[in-house]
Amino acid sequence: MTLTMLIAPFVVLNVVIGMVTYVTLLERKFAARMQSRIGPYRVGPHGLLQPIADALKLMMKEDIVPTAADRSIYNLAPIVFLLPCMLIFATIPFAPGLGVADLNIGILFFLAVSAMEIVGLFMAGWGSNNKYALLSAMRAVNQIISYDLPFIFSALVPVLLAGSLRLSDIAAAQGGGYWFIFYPVIGQLAFLFFIISTLAAENRVPFDILEAESELVAGFRVEYSGMKFALIQLGEYAHVIGSSYLGALLFLGAWGGPGPEWLGPIWFTLKAVVLFLLVTWVRWSFVRIRVDQILALSWKVLMPATLLLLVATGMVVVWRIAP
Amino acid sequence: MSGNIPIADREGPRRIEQELTEADRSRRKIEFDYSGGERLSMNMGPQHPSAHGVFRAILELEGEEVVGVDAVIGYLHRCHEKLAETLTYAQYPSIASKTDYVAAMTSEFAYVMAAEQIGKIEVPKRAQYLRVICAELQRIASHLLWLGTWCMDMGGALGGGATIFLYTIRERETILDLFEELVGARLLYGFFQVGGVRYDAPANWIEHCRTTLDAIDGRVVEYEQMLEGNPFFLARAKGVGFISRELAEDVGIAGPLLRGSGVNFDIRKAAPYSSYEDFQFTIPVETVGDCFARYRVRMAEFRQASSIARQALDKLPEGPISSMPGLKSVAQVRIPKGEAYTRVEGPRGEVGCYLIADGTAKPYRMKWRGASFSNLAVLPYIVPGVKVADVPAIMGSVDPVFGEVDR
Amino acid sequence: MTAEQATALIAERFAGAQVTAGIPLVVMVPPDQWGAFAQFAKETLGCQFFSFSSAVDWKADGLEVIARVENLDAGFAVMMKTRLGPGVSTCASMVPVYRGANWMERECWDMFGIRFEGHPDLRRILLEDSWVGHPLLKSYAVDTPYPPYR
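Residue numbers (this note's numbering), protein chains in the order written: chain A, 19 to 341; chain B, 24 to 430; chain C, 1070 to 1219.
These aren't lab readings, by the way, just hints derived from the structure by calculation.
Check before you lean on any hint, since a few could be wrong.
As the list claims (entries may be wrong) - Straight-line C-alpha distance at most 20 Å; calculated DMTMM-like pairs for lysine to aspartate or glutamate:
hint, chain 1, residue 1, chain 2, residue 2
1, B, Lys-148, B, Glu-362
2, C, Lys-1207, B, Asp-301
3, B, Lys-105, C, Glu-1197
4, B, Lys-338, B, Glu-230
5, B, Lys-385, C, Asp-1126
6, C, Lys-1128, B, Asp-301
7, B, Lys-410, A, Asp-310
Stated by the list, open to error - With the C-beta cut set under 8 Å, the calculated list includes, among others, these residues of chain B facing chain A:
hint, residue
8, His-71
9, Leu-189
10, Arg-193
11, Thr-197
12, Asp-200
13, Asn-253
14, Tyr-404
15, Pro-407
16, Lys-410
Here a beta-carbon is modelled for each residue, glycine too, at the ideal position from N, C-alpha and C.
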């Protein structure tokens, strides 16, 4: 075990946490602009210290555990939820050779781990012993099972095109501006499906039926307060950022961009932020759809479509290599 | 101390409980054909993000489906009918606005009309027109709030719903600014008084009205584009919360809900009051009876209301604003013996005031027919069978204001 | 159907009812014919629309129950009234005829203590179940100390 093996995760974790806090500010500012408001403005210049104030506030809040809650499950849930959301950053290469672990099954690791957050969600919903939370947990299981398959299928399209499961290979295959989103038809369709299923997997509007404050108040986290609430929030945003990085890597050419090579990670982050803003834009302009409509969309439209797309991609790849 | 309550009354509710048969009790919850499994009863309210005030719906759930609902109201009861018996005809109108606080002008309107009808008090033409202008501006303001909160019920406070909500609130503020210029208050006005209105339009007010209406007309088009081009909105609004024409009339729902169910009835046309016969307008009617039909009716009403207000602004005659100017003492308005039921077409439908005068300075009995009360009574008939997520959507499309439900 | 035809029909069918022409038609019905008249108003007069129902406390003369129903197509309305008589506080329910009467009659029970026979779910609606008395009765004066504002 070398020192770098310890330092790299430490740096990545802290950068991610710092990013998550500032991404919330970005989202709030962006939403405020959409809604003809100003957004956070009081704490620091242009509200730049707002995330720190929020974090401090959440840390100082009283931690309330409902009397009827299943204490061990209730207390464990935020951590179980946060862990996979942080682990997904392990395989992301931020530049050639710059990452925690560039696994040869990188993308599979990413997809498998990101689906694990459902365990934390369900624990939170069950352990709170609250009807809203329980209903939300049931919805969460429904939704994540339904959307993981289209998510995986659409993420496999770049894998087929690049011919590798290793994330750095996929990024390298898009070198020279040949991003997979520019791949005729297949690239755009896969990107579209990827965005839709990411929205659902991240539980963002219009697929946020498990939060659904107009009927379930706050869903699975209705009983959480203080730091546990902050952990869930952190996990959720970390997941969104992670998925944005994955999207930027799979479709937008990862660190490729003009300028010297050391600009690579900055380009990568910029692309991820653009994807994040795209998701945010959708979030603040759509209304939520109903649970049955969400499931119908997944099983009747996205599943067959992504499957067909995958088969088509396979045929294109084989045909391209064969002659 | 409570010597003069009859014994029978003191034990009233309990006595009823005992005399109810088992069959009566089981009929309280609407039963659906159902076999096996377990049910979950869930409270929606009284403290709930989509309760629109304080309303408690006890939902019987079977998975995601609602199989029964019991509506509990009365959290906002402020004894308006008892209060009206203790206040003079000059005092009560400013309290009347507190029944429906989202459209405060309409309830004042109904009350003073009832008093005027019994007392056969003439209202000057200018006052009638000012009343119409205010009622129509109020309709726009109220519908704006409805649109925002309804979208928030469907999209949530952390999503697209909140975006529309903030847009509509921005426009509603401009109308409240107009009312502030006119009356000095932004929410509860006390603008109406028996015999006319209390304040005349200040300088430039009419011009401000026109520019505001122009701005809002443009915005309404934007809302329609934003919503009707949005497949998720259509999926949530279409085919949800059907009210048949028969049910609508039977329960006595009114206003946009009734017109959304295919009944061409608008009091402004059917029984014109306050010079509504002077204005050209049509009544929007939709036949489908779902949430989307109600939405369409209200969107069309934005335009009708703005057109009526414009016509009234154009034709606004000169003259006195009250046939009882300089009303100083609160007991000065004397109404002869008699009774009247007057109704106005409020933003939520028929707002009626049934007034019995006994010749003194105070009414003998006053009954509010709150539009929201009657509209909300339809919920137990349309909610069973829908998904949980549709309950706030249906509630929002009914547009209840709990000040008016509970009075 | 017009208001005049309706007046004639009422006179023909309900001999005990006094009709006062006007807008709306005010029909004073004997209490025992209350339910039958509601049925008649809905089916024969075509008054499908239930506007409201309430009550008035005429002190020594007893309670009066009122209901307003309307024929939206023909454009006339019927204000039905019945005097229950001194000391009487039971009345036939209109719920079997008009579903809208459900909440209105619950409010009447709440405020006036009128028992509606045949109402499926007669509970208090605006006041809480433990409330003592019926506030809109004239005997329930506002300035006397009643629980819970003793």
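Notebook entry, point to check: Out of the numbered hints, which ones does the structure contradict?
Noted result: The structure breaks hints 1, 2, 6, 11, 12, 14 and 15; every other hint is satisfied.
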